[in-house]
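Protein chains: 2
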Amino acid sequence: MIQRPRGTRDFGPDEMERRRYFEFIMREQCHRFGFREIATPIFEHTELFTTKSGPGIVEELYSFKDKGDRDIALRPELTASVVRFFVNELATLPRPLKVFYFGQMFRYERPQSGRYREFFQFGAELFGNPLPESDAEIIGLACSMLERTGLQEYQVRIGHIGILRGKLTDAGIAPEAAQPILQKLDKKAYPEAEELMRAAGVDAEHMQEIVRITGTIGGAEVLDGFEGEAAQHLRQVISILASYGYTKVKIDLGVVRGLAYYTGMVFEADAPKLGAEKQICGGGSYSLSELFGGEKVFSTGFAIGFDRTLLAIEKEGSMAPAFGLDAYVVATSDAMRPTAFQVVAELRRSGLMADVDLMRRSLGKNFKYADAVHVRRVVIIGEKEMEQGSATIRDMATGQQTLVPLEELARALLKMRE
Amino acid sequence: MIQRPRGTRDFGPDEMERRRYFEFIMREQCHRFGFREIATPIFEHTELFTTKSGPGIVEELYSFKDKGDRDIALRPELTASVVRFFVNELATLPRPLKVFYFGQMFRYERPQSGRYREFFQFGAELFGNPLPESDAEIIGLACSMLERTGLQEYQVRIGHIGILRGKLTDAGIAPEAAQPILQKLDKKAYPEAEELMRAAGVDAEHMQEIVRITGTIGGAEVLDGFEGEAAQHLRQVISILASYGYTKVKIDLGVVRGLAYYTGMVFEADAPKLGAEKQICGGGSYSLSELFGGEKVFSTGFAIGFDRTLLAIEKEGSMAPAFGLDAYVVATSDAMRPTAFQVVAELRRSGLMADVDLMRRSLGKNFKYADAVHVRRVVIIGEKEMEQGSATIRDMATGQQTLVPLEELARALLKMRE
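Going down the list, the sequences are from chains A and B.
Positions in the first sequence are counted from 1; adding 31 to them yields our numbering.
Positions in the second sequence are counted from 1; adding 31 to them yields our numbering.
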């Protein structure tokens, strides 16, 4: 027996239906927000990912040489690819440009609960608009996608990288020295952050204030007393989100996201039911297009971990609508089989999900099979009924049988489905 | 500028909408036939593909060692993965088991028109039923998927590998010697096929008949005179397809499909408008599960080349429905912006595709943007109208403006969409 590679998954019919259902409603939500889908290849030149994230990323990549000796890697995330596509081809489209994507990503890491080597993400990016409106729209889309899934328990925490960066500048720290400190603060590694600050010459008062800021959590009122552009931007984002009607958001200035390309607003969403691996969404505003040879363009976006979101929904006991075939057509004799094939073809053309006995089974065995594959109604094509041009519809839940003229079968079944 | 890898594609918003539209209707068609979707990983152990197709396949694979020194390859097709999944996990489900898949495949070959290194396939497999009903159902599904796309010009050619294999056996050829001959016949390489047959000791009469068989093309009547199980099986397949109502099918005993694992019915579909690369679908009944450690199970299936099918549709000038936003909400002053955000949130919750001015543009510039991104109606939130609790809907096609109470906006826009 050949097994699938470690850290990957196969999805059977039930699981796949559930996944496609949630994929569909999340995609629909993107469309409702005026975001349009784009797609990029599964693999890219490795350089794309090292340019964005530094050479360290290679350790996590599925990277290899192709037969033309090019350095290729399976994509570990999609923002780099989307920005590449934007710079090379989409930069001339009207702005703001609102795009989303859905697909597989790959990381070579230790598989564990909710972490796979092949995993799925939804993401959205908005290009070309530096106003707080853009950040609010991006957070609003993330909230509404989670809302549409039916997930009850989640929390969106919004920060602004500019507030801590500003304080570090006030304390006399150069941007290059600030980045490692921010990374420690992002991981709530306070002793290490303090050590770095002390070494960089930050005084005790500034240090205390910086640590205090990372603990600033709550409603819009926690921003009272913060001055400057960053806090003002954040106030406006929160105010627009209130107009939109999203309630599961709060300010958390401890959200730092330790990557240098973030420029302003940063946010994360957690589903507490997931325990240690509770983060299901992360994003913020960034500046990357200039790295890939384009003009500097204000960009803001996020990615939702599709697998973890489904896991959180599952833990809450919420379900996708159950699958079931509308009809299963059975002939009671060989002479009736051609009619059964005609009937099922007609039902399918009417938009019904319908199957037909392909095994020449007895009526009893067909009922058993129909039950096993979740058939709602069996259509019995019998010789006697056919003499009157009719067939019998049997409701598999109630056992009730109805005689229906052939030409009305599709309409009757469509009506029963309502 | 970093480019995407050779032979791969990026899909922009218009192209992606078109692709998702056709993907959706083809998936829906599978559901109507009672096939259920499954999914397997993008990469597999290389051994899976060499076990199925022989070591020669490695030349076409994107294969590499992962960081755990395992031989891994991007999937070049999906039947091997589906059969692996079937053997390992799905074999206990009720039979016939009807599954389908859709996704990316990868082959390292020279990119050319309609051939990419990353390409997309739809496919379906039916397990556990050796009757002609199964083959007819599989061909019927392929036909109906192509029919649903609106493709006009295509032709389905159905053969049976057993007829030529039988004749070669009659001529005294052992199965191992027959396979290379069948491969030459598959490629219509008659001189080379004849040379192989002559070398194997086939007499002139048998040779002539074998070549004649590969030219047998037409309706069910061309099978007259053929005896044996294979021809009988094919007659029944054709008869069921007639009951189903598919007319673009014909018998073509020259369809051989040069792979040893095919066991009976084989078929292909062509779109002549595509020229040399005209094949858009191929399949047949096969036996593979025993190769992967399972029991021998009768299997039949096909794959449709999604990219080539779309290319064929495009060449016929057929289009997917055009994209357009239902509404774009614009405030005429800063004071009206919070209302505009509330309104767009309400429209989106009602299921409309709606956007809002995120750039604080003037009304004139907003109309221009609305035109550029295909907005059907602009909702204007003005101070005067708001005093009466109303907003103006402007139809972008006709320029007609209507005053509508706020609480009726969503209903009015939903009605206008019909």
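Each hint should be verified, as a subset may be incorrect.
Pairs count within a copy or across copies, as identical chains cannot be separated in the list.
[As the list claims (entries may be wrong)] DSSO-like mimics (lysine-lysine), calculated; alpha carbons at most 27 Å apart, straight line:
id: 1; residue 1: Lys-304; residue 2: Lys-415
id: 2; residue 1: Lys-399; residue 2: Lys-327
id: 3; residue 1: Lys-327; residue 2: Lys-396
id: 4; residue 1: Lys-215; residue 2: Lys-396
id: 5; residue 1: Lys-396; residue 2: Lys-346
id: 6; residue 1: Lys-198; residue 2: Lys-98
id: 7; residue 1: Lys-327; residue 2: Lys-219
id: 8; residue 1: Lys-327; residue 2: Lys-446
In case anyone wonders, no lab produced these hints; they're calculated from the structure.
Verification of the hints:
1. Lys-304 - Lys-415: For Lys-304 and Lys-415, the Cα distance exceeds 27 Å both inside one copy (59 Å) and across copies (48 Å).
2. Lys-399 - Lys-327: The answer is between: 24 Å across copies meets 27 Å, while 64 Å in one copy does not.
3. Lys-327 - Lys-396: between (67 Å within a copy, 23 Å between copies)
4. Lys-215 - Lys-396: Neither. Shortest intra-copy (65 Å) and inter-copy (45 Å) distances fail the 27 Å Cα cut-off.
5. Lys-396 - Lys-346: neither (37 Å within a copy, 47 Å between copies)
6. Lys-198 - Lys-98: neither (51 Å within a copy, 42 Å between copies)
7. Lys-327 - Lys-219: Cα proximity of Lys-327 and Lys-219: none, with 31 Å in one copy and 57 Å across.
8. Lys-327 - Lys-446: So Lys-327 and Lys-446 fail the 27 Å test inside a copy (56 Å) and across (42 Å) alike.
When each numbered hint is compared with the structure, violations occur for hints 1, 4, 5, 6, 7 and 8.
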